[in-house]
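A.B. asks: Let chain A serve as the given structure and place chain B on it in line with the hints.
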Amino acid sequence: MADTIQVAREMVVGAAMTSGTFFMVVTAIGLLRFPDVYCRMHAAGKAGTIGIALLILAPTVHFAAAEPFVAVRGILAIVFQCLTTPGATYLLAHACYVRAYPTHRRTEIDELEYWMPVYRDDEFGHE
Amino acid sequence: MSAGLQAVTQSCLAGLFVAATLCLYRIIVGPRAADRAVAFDTFSAVVVGMICLLCILWDSTLYFDAVWILTLVGFLGTAAIAKYLARGRVF
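Taken in sequence, the protein lines are chains A and B.
If you read the first sequence in the numbering used here, its first letter stands for residue 1, the second for the next number, and so on.
If you read the second sequence in the numbering used here, its first letter stands for residue 1, the second for the next number, and so on.
Everything labelled a hint here was simulated from the structure, so no lab data went into it.
Be careful, since some hints might not be right.
Label-pair restraints from in silico Cβ distances [as the list claims (entries may be wrong)]:
hint, chain 1, residue 1, chain 2, residue 2, range
1, A, I29, B, L62, 31 to 41 Å
2, B, T21, A, P68, 30 to 40 Å
3, A, E113, B, W58, 44 to 54 Å
4, B, L62, A, A100, 44 to 54 Å
5, A, P102, B, L62, 39 to 49 Å
6, B, V90, A, M116, 18 to 28 Å
7, A, E108, B, S60, 51 to 61 Å
8, B, S60, A, I5, 18 to 28 Å
9, A, I29, B, S60, 28 to 38 Å
10, A, Q6, B, L54, 33 to 43 Å
11, B, A7, A, V118, 50 to 60 Å
12, B, S11, A, M1, 23 to 33 Å
Sample of chain B residues facing chain A (criterion: CB under 8 Å; computed from the structure) [as the list claims (entries may be wrong)]:
hint, residue
13, G15
14, V18
15, A19
16, Y25
17, R26
18, A39
19, F40
20, D41
21, T42
22, A45
23, V46
24, V48
25, G49
26, C52
27, L72
28, L85
Glycine included, C-beta positions come from ideal geometry on N, C-alpha and C.
Chain A on its own, in the form it takes in the complex:
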């Protein structure tokens, strides 16, 4: 019985870390190959969040039986990460739009054009 639980736990841990690593590698490839900063944020904001959540889930399950407080900290870390990674990506995208970062040349529509003020470089004195 104990052996069965051990094997099941190791299978869950292995599956979690494998899929998490897959999502992180996909995120890094997206960062490398997407053409402009908004596309790169699309890769980092979605696949990065699920990847790091799965990677933190692996030690949480692995140590859950032996040390319960580690499991509590792991779940807290997952919640923190799922809250802060999309928030940071949103803040950066807002900053990029307000500062009129260039989009890829094949971008066709800009739905925020009439709703959000854009400061060109000569209005603020940096970059």
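C.D. replies: Relative to the frame of chain A, chain B by itself:
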């Protein structure tokens, strides 16, 4: 820990090293500041994942606190960079 789980952990660590290398490339060549900030956010997430996998590999929970501390510090850094880019100052 069985030998199979150890092999899986080591190969996942190798994959995370590849991801970290790609993020470092984007940090170095990224054309403007926001590209570097996004890449650094992902790089800190990859480092957090490496710490998690090393906890399993070494069978120790000593460094597990670093996971959520790095999470919060990475968020604060990215938020400060975003505020600086948007307004020209942080506070």
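A.B. asks: So, against the hints stated earlier in the document, which numbers end up violated here?
C.D. replies: Failing hints, ascending: 10 and 19.
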